[in-house]
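Undergrad: Protein sequence lines, in the order shown, are assigned to chains V and U. Residues 1 to 221 in the working numbering are what the first sequence lists, from first letter to last. Residues 1001 to 1114 in the working numbering are what the second sequence lists, from first letter to last.
Simulated from the structure, these hints should not be mistaken for lab results. Values in this document were obtained by computation on a predicted structure and should not be read as measured data. It is possible that part of the hints are untrue.
[Unchecked claim] Label pairs and their computed distance ranges (CB to CB):
(1) 1011(U) - 203(V): 49 to 55 Å
(2) 1029(U) - 63(V): 23 to 29 Å
(3) 1101(U) - 91(V): 32 to 38 Å
(4) 90(V) - 1087(U): 45 to 51 Å
(5) 1066(U) - 109(V): 54 to 60 Å
(6) 122(V) - 1037(U): 26 to 32 Å
(7) 138(V) - 1033(U): 36 to 42 Å
(8) 83(V) - 1088(U): 19 to 25 Å
(9) 1112(U) - 88(V): 25 to 31 Å
Beta carbons: idealized from backbone N, C-alpha and C, even for Gly.
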Amino acid sequence: MKKILVVLPHPDDEAFGAAGTLAMHVSRGARVTYACLTLGEMGRNMGFPPFANRVTLPQIRQAELEASCRAVGIQDLRLLGFHDKTLEFEDPDKLAGRIGELLEEIRPDLVITFYPGYSVHPDHDACGAAVIRAVGRLPEAERPAVHCMAFSHDCEQALGKPDVVNDVRPFLEQKLGALNAHRSQFRYGTLPARGRLSETEFAEWLGRERFWTYRWPKSDL
Amino acid sequence: MRSIDPQDVQARIDRLRGQDLYVHIEMTTGAYAAHYDQTKHQASAFVKNGRIRFSHGSVAGRGPYRVGLKTDEGWVYAEGLTHYEDEETDRLILQGHDRDGKLVVALLLSPLPF
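Please work from the sequences and hints to get the whole structure.
TA: The structure is reproduced here in structure tokens:
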């Protein structure tokens, strides 16, 4: 049975870029552990119109995350208890150590996270960096593949085209279930890509999930 | 959350006067402001669980509102506040949301840590 460890910083980070892929793996019998580093407690969206506030948001987002995991079929959700916006200021060894414990416990075949340096939000980059640090501590032969999401404007220029592109159109129901679970964060019609893209492009964007396999620099080998 | 009723908020501020409180104050343009529009200067700041005691405080403006709290040695100030939590009893939760509903500014006071 394939074991997948997903490490992302905010509830909803799974929804755009990975929910279809995870649903696909689950349908093939994979077991997915999702370690979510924070509760997104500093999020700006509080519902449309606002139904959460700064104090209630973390609990509301936790419940939304649990609903998203149910929609996708993720079996094992771990909340790591770090604080939104602060990951880049945490002790890097502490963060990597926590992820290292999960790697040891789960021994995943595949790890999914953000590509450090190409993921726009400082928490995304810090999360990806911590995962790479943790996986990099494993002997080379024991390292699982790390599939990274990236969406900075320069990501393709720097990393090339994504080498893993999953057609998740058969799993759009699960993916939309995940997106809709995060109801304090999105309305389907107001997803940022919705304004930029035509109807067809939007369907294409939703139905295709792109990952870059992390390439270890020579110095790490 | 409800649109700010300045009289109700003023009464709530008055009830918290002269006590040791925890303050959460933040302002943000959003973590993706510069990603979606490179002409935007992205910025944010927050203090969570600062300690504060104020001798007087008040609401000003006709909406969005401003709040100023005078402390022994300085001030706490926020502008752009639009909403408050009217069901809170011990805490004061003031937030400013833009026309898309996104939070721009928040000022929270509580006798207990956030």
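Undergrad: Would you mind marking each hint as holding or not holding in the structure?
TA: Verification of the hints:
Take residue 1011(U) and residue 203(V): their Cβ atoms lie about 52 Å apart, and the range 49 to 55 Å holds. Hint check: residue 1029(U) to residue 63(V), Cβ distance near 28 Å, so the stated range 23 to 29 Å holds. At about 35 Å, the beta-carbon gap between residue 1101(U) and residue 91(V) stays in the expected band of 32 to 38 Å. A C-beta distance of roughly 34 Å is found between residue 90(V) and residue 1087(U), which places it outside the suggested range of 45 to 51 Å.
Against the hinted window of 54 to 60 Å, the Cβ-Cβ separation of residue 1066(U) and residue 109(V) comes to about 56 Å, which satisfies the hint. For residue 122(V) and residue 1037(U), the Cβ-Cβ distance of about 18 Å falls outside the hinted range of 26 to 32 Å, so the restraint is violated. A C-beta distance of roughly 37 Å is found between residue 138(V) and residue 1033(U), which places it inside the suggested range of 36 to 42 Å. Against the hinted window of 19 to 25 Å, the Cβ-Cβ separation of residue 83(V) and residue 1088(U) comes to about 22 Å, which satisfies the hint.
At roughly 28 Å, the beta-carbon separation of residue 1112(U) and residue 88(V) lies within the given 25 to 31 Å, and the hint holds.
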